[in-house]
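The numbering of the sequence shown is the numbering used here, which starts it at 10 and goes up by one.
In short, the hints are calculated from the structure, not lab data. Ideal Cβ positions, reconstructed from N, Cα and C, are used throughout, including at glycine. Errors might be hidden in some of the hints.
[What the hints assert, rightly or not] Cross-link-like lysine-lysine pairs, in silico, DSBU-like; alpha carbons within 35 Å at most: (1) Lys150 with Lys107; (2) Lys150 with Lys172; (3) Lys172 with Lys107; (4) Lys303 with Lys150.
[Stated by the list, open to error] Here are the simulated distance ranges between beta carbons: (5) Thr129 with Ser106: 42 to 52 Å; (6) Arg148 with Gly183: 46 to 56 Å; (7) Ser106 with His267: 28 to 38 Å.
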Amino acid sequence: MLAGALLVRARVIRPLAVACALLAAVSCTASQTPTPSATGQPATRDQARFDATLVQQRPDEGTRRIAAELTNRGSSSVTVESVALDSPGFQPLPATSKDTTFAVNQTIDLTMQYGEPRCTGSAANRAAGFTVVLADGSRLKLPLDRAGQAWLDRLHDDECALKRVTDIASLSFGADFSRVVVDGERYLHGELLVRRPADADARGTRRDTLVIDSFAGSVLLHLGAAPDAPRLPVELAPGSDVLRVPILIGSSNRCDSHALGGSTQTFLLSVYVRTPGGGEHRVIMVPDHALQVKTLALIHDICR
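Using the sequences and the accompanying hints, generate a full structural model.
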């Protein structure tokens with residue numbers, strides 16, 4: 010995010026300062042105690058004021074990486090030594106070290122990770138916020154604004170929906186992808202693997218159905234069912250442990266410099282699934298390094 014501009018105010022020459030300059034022989038001392046902003050000292054707990062919201066940048070979608078977007082609304086600079094998400098809807102994680110100094114009215118995003126979701130109870134994220142530690146060791150509790158609270162609620166809902174999916178089965182790309190030509194276009198052919206967890210019986214989910222509805226790629230990549238795949242939707246049937254869905258990964262045929270140079274979510278691929286009694290959920294799939302190398306080589310060959 011863009012940092013806010015540092016506001017520089019013109020100094021006002023007070024009559025006391027003028028008198029001191031004119032009467033050099035007279036010792037003049039201001040009666041007021043200098044403020045932290047005048048001395049360059051950092052603000053303390055009682056002087057620090059922040060606006061706080063929560064954001065997630067586009068490249069971080071599908072991860073647990075978020076940012077505390079803080080704006081210093083105090084009268085002097087302040088240094089934040091660490092920050093942590095404080096929400097009853099998520100397992101707490103250790104604070105993230107920062108050592109970041111905010112000028113007056115400056116906005117800075119402090120990135121961190123959030124923990125596992127707590128998916129029981131209602132209004133799980135009520136009264137959420139951030140805990141920040143200042144340079145003097147004091148702690149501040151910063152409540153989220155309405156927009157940040159709404160964003161955190163969406164993340165919580167998505168995480169709990171994903172947990173319902175993974176209680177039934179995990180999704181992964183197969184290990185073997187090879188080049189093929191389909192209708193004159195070059196692709197990588199492989200499999201989407203849908204596997205029940207080893208403790209499916211203990212979880213009581215072995216009889217649950219998981220439906221694969223559709224696929225979606227990214228700006229640069231196509232992801233779809235292969236010609237040898239059964240027609241979508243397909244399902245992991247009750248009692249079945251593994252579903253193998255043949256898939257194709259290829260170029261979206263966006264070979265312009267804007268797409269090739271500006272893509273930030275190239276490897277965030279999507280599988281849309283349905284669970285019993287639930288709606289459709291997006292599962293973000295990220296290929297491993299070996300498959301990423303293969304897809305980049307394919308794009309290079311197609312776009313050169």
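Query raised in the report: Is Lys172 close enough to Lys107, meaning Cα to Cα at most 35 Å?
Result: holds, 31 Å
Report task. Could you check the hint for me, namely that Thr129 and Ser106 are 42 to 52 Å apart, CB to CB? Result -> violated, 31 Å
Query - 46 to 56 Å as the expected CB spacing between Gly183 and Arg148, which holds or is violated - result: holds, 48 Å
Requested in this report: Take the C-alpha atoms of Lys303 and Lys150, compute the straight-line distance between them, and say whether it is at most 35 Å.
Outcome: violated, 47 Å
Query raised in the report: Taking 35 Å as the top limit, are the C-alpha atoms of Lys150 and Lys107 close enough?
Result: Given that 35 Å is the threshold and the Cα spacing comes to 16 Å, the pair holds.
Report task. Quickly compare the C-alpha distance for Lys150 and Lys172 to 35 Å and report which way the hint goes. Result -> holds, 29 Å
Query raised in the report: Regarding Ser106 and His267, is the given constraint of 28 to 38 Å on their beta-carbon distance met?
Result: holds, 37 Å
Against the hints set out earlier in the document, violations occur for numbers 4 and 5.
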